[in-house]
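Taken in order, these protein sequences are the chains called A and B. Numbered according to the working numbering, the first sequence spans residues 1 to 268. Numbered according to the working numbering, the second sequence spans residues 269 to 536.
Don't read these hints as lab results, they were simulated from the structure. On a predicted model such as this, the values are computed, not experimentally measured, just so you know. It cannot be assumed that every hint is accurate.
[Said to hold, decoys possible] What follows is a set of in silico ranges between Cβ atoms, one per label pair, in the way DEER data are often shown:
hint, chain 1, residue 1, chain 2, residue 2, range
1, A, R40, B, I305, 47 to 53 Å
2, A, A22, B, S390, 29 to 35 Å
3, A, M100, B, V527, 25 to 31 Å
4, B, V527, A, N98, 37 to 43 Å
5, A, L163, B, R439, 35 to 41 Å
6, B, W469, A, P58, 36 to 42 Å
7, A, P58, B, S454, 42 to 48 Å
8, A, F229, B, G440, 55 to 61 Å
[What the hints assert, rightly or not] Looking from chain B toward chain A, a few residues come up when the C-beta cut is under 7 Å (computed):
hint, residue
9, A289
10, A300
11, I301
12, E309
13, A318
14, H350
15, A405
16, R481
Glycine residues also receive a C-beta, built at the ideal position from the N, C-alpha and C atoms.
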Amino acid sequence: MSADVARVAFPADWRVRAGWLALAAYIVYATSLLEFTYARFMVGLGNGARFIARMLPPNFERWETLLKGLTESVEIAILASALGIVISLPIGLLAARNLMPPWVTWPTRLLIALCRSFHPVIVAIVFVKAIGFGALSGIAALTVASIGFAGKLFAEAIEEISLKQVEAVRATGASFMNVIFYGVLPQVFGRFLGFSTYQLDSNLRNSTMVGIVGAGGIGGALFAAFQRFDYDFVCAMLLSIILLIFAGEIIANKVRAIFVERTRVDEE
Amino acid sequence: MNAATLEEKVWRRFTPAQRLARFAVYLGLVTAIVVSIQTIEVIPEFLLDAPEQMADLLRRMWPVAFSYYPKGVHEALIETLHIATLGTIISVVIAFPIGLAAAHNIVPNRLLNHIARLLLVSSRSVNSLVWALLFVAVFGPGALAGTLAIAFRSVGFVGKLVGEAVEEANRGTIEALEASGAPWLSALTFGYWPQIQPAFWSVVLFRWDINVRESAVLGLVGAGGIGMALDTAMNLFQWDRVAMVLLAIFTVVIVAEIVVTAIRQRIL
Numbered sequence: 001m002s003a004d005v006a007r008v009a010f011p012a013d014w015r016v017r018a019g020w021l022a023l024a025a026y027i028v029y030a031t032s033l034l035e036f037t038y039a040r041f042m043v044g045l046g047n048g049a050r051f052i053a054r055m056l057p058p059n060f061e062r063w064e065t066l067l068k069g070l071t072e073s074v075e076i077a078i079l080a081s082a083l084g085i086v087i088s089l090p091i092g093l094l095a096a097r098n099l100m101p102p103w104v105t106w107p108t109r110l111l112i113a114l115c116r117s118f119h120p121v122i123v124a125i126v127f128v129k130a131i132g133f134g135a136l137s138g139i140a141a142l143t144v145a146s147i148g149f150a151g152k153l154f155a156e157a158i159e160e161i162s163l164k165q166v167e168a169v170r171a172t173g174a175s176f177m178n179v180i181f182y183g184v185l186p187q188v189f190g191r192f193l194g195f196s197t198y199q200l201d202s203n204l205r206n207s208t209m210v211g212i213v214g215a216g217g218i219g220g221a222l223f224a225a226f227q228r229f230d231y232d233f234v235c236a237m238l239l240s241i242i243l244l245i246f247a248g249e250i251i252a253n254k255v256r257a258i259f260v261e262r263t264r265v266d267e268e
Numbered sequence: 269m270n271a272a273t274l275e276e277k278v279w280r281r282f283t284p285a286q287r288l289a290r291f292a293v294y295l296g297l298v299t300a301i302v303v304s305i306q307t308i309e310v311i312p313e314f315l316l317d318a319p320e321q322m323a324d325l326l327r328r329m330w331p332v333a334f335s336y337y338p339k340g341v342h343e344a345l346i347e348t349l350h351i352a353t354l355g356t357i358i359s360v361v362i363a364f365p366i367g368l369a370a371a372h373n374i375v376p377n378r379l380l381n382h383i384a385r386l387l388l389v390s391s392r393s394v395n396s397l398v399w400a401l402l403f404v405a406v407f408g409p410g411a412l413a414g415t416l417a418i419a420f421r422s423v424g425f426v427g428k429l430v431g432e433a434v435e436e437a438n439r440g441t442i443e444a445l446e447a448s449g450a451p452w453l454s455a456l457t458f459g460y461w462p463q464i465q466p467a468f469w470s471v472v473l474f475r476w477d478i479n480v481r482e483s484a485v486l487g488l489v490g491a492g493g494i495g496m497a498l499d500t501a502m503n504l505f506q507w508d509r510v511a512m513v514l515l516a517i518f519t520v521v522i523v524a525e526i527v528v529t530a531i532r533q534r535i536l
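Bound conformation, chain A alone (with noise of 0.2 Å):
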């Protein structure tokens, strides 16, 4: 490059240009398929305004179904997640590559993506047909997401364990059983016990949702009271799920923050 040439510290890229006017040409594109007008937001702005003043003050007069929608969507949650753990930890195990041959990883990793691709309200509405109405469609369900994410998650906790650690149990005669209790599962568990409480969190807020298929918990009452326009017992409800959110999340850190030395063990 010749001294006289005036450079220009950050040279425009026409390819990024391009890319954002692409961006743009799409949600023109999208906004007018989907027939999103202004008129049509001021109107559902009123809406809102209506909406929202019909919300407050929440209406706690009837807590006890309250109480009780909550209390199923717990027990829905601890449930479906020790279930689903249980489940998933040998799943995990005939899914890493590392450990098994290609002919049972393909079949299990199949399955494991089988179970993560359905949202778990979907898989409720399944569950809900063969077993009928109430928790048990729920746990199923929330049980098939457990594994689609827990078990996806140890297969690829197990994928990266050390091999050295498990040659060393091999080359002593362990058999296969042994190899795995003292070889692969002291590397993972603080990561598997990570996953759990995630998995955990993550079913407590599924397990207020599976009930808009009737699966059990507090949506059956959520959507109720959605579809009777009872909007301040609504809020009311929204803000007791908000809350056992929060809760499930405190408690799945302090769980963590119990165990967390451990997870130290398998970051060399």
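Since chain A is already given, all that's left is putting chain B on it; use the hints.
Using the frame of chain A, we list chain B on its own:
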């Protein structure tokens, strides 16, 4: 140190307090599971004929009504993708300023940081289905409600991660820019932005992947997309069409995941 005291010492991995805390967690966990099992309402009759009902359901789903795809599914599927994409874009636009306001190295004001964090947390603790119910009540049924639901649910996620990325940014570049007299906005675009860019794209892609999954259920509460087709087919007990919709959702979710993984590998 003499030999006698050394022998008396027993090496323990954890302090008594740590052991007590762990024991408390285990005890709490077992109690929660036992109490949940005992109090949850399960109807045994429903459980007994579950395998039969499940088989019946699968039989009704087969053969999958592929002929239904062009007239009933395709358009809804495209709408779902638009809801997810547009929702993600809107959420980024809203989340960026809030995320910056939450980062204490950009906005050195504790109060503003806390307000921004509160906004992000409240966005995250309301489920996208609840956001959808709220927006359906405000804007009426349709894709607008769904898009806004996706956007408002994602703001917390994107904003939190953008804020964290900004807080972790290296001071060196920014100090150099400030020393050269760069105004605040230039420091942001040329100092922070290049540093957080990889994290930012990764977060956006990840969230888009989640949003594709979530937008598939929004139709159940009337917020547009493929969930509407699912709801209609289910209410009419057309299980072969339900199977078609589920297959379409599964395919899109898997394709989205593959696309996201491929892009992440190329840009990161």
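Tested hints:
{"no.": "1", "hint": "A:R40 <-> B:I305: 47 to 53 Å", "verdict": "49 Å, holds"}
{"no.": "2", "hint": "A:A22 <-> B:S390: 29 to 35 Å", "verdict": "33 Å, holds"}
{"no.": "3", "hint": "A:M100 <-> B:V527: 25 to 31 Å", "verdict": "27 Å, holds"}
{"no.": "4", "hint": "B:V527 <-> A:N98: 37 to 43 Å", "verdict": "26 Å, violated"}
{"no.": "5", "hint": "A:L163 <-> B:R439: 35 to 41 Å", "verdict": "39 Å, holds"}
{"no.": "6", "hint": "B:W469 <-> A:P58: 36 to 42 Å", "verdict": "40 Å, holds"}
{"no.": "7", "hint": "A:P58 <-> B:S454: 42 to 48 Å", "verdict": "47 Å, holds"}
{"no.": "8", "hint": "A:F229 <-> B:G440: 55 to 61 Å", "verdict": "57 Å, holds"}
{"no.": "9", "hint": "A289", "verdict": "5 Å, holds"}
{"no.": "10", "hint": "A300", "verdict": "5 Å, holds"}
{"no.": "11", "hint": "I301", "verdict": "5 Å, holds"}
{"no.": "12", "hint": "E309", "verdict": "6 Å, holds"}
{"no.": "13", "hint": "A318", "verdict": "5 Å, holds"}
{"no.": "14", "hint": "H350", "verdict": "5 Å, holds"}
{"no.": "15", "hint": "A405", "verdict": "6 Å, holds"}
{"no.": "16", "hint": "R481", "verdict": "6 Å, holds"}
Against the hints set out earlier in the document, a violation occurs for number 4 only.
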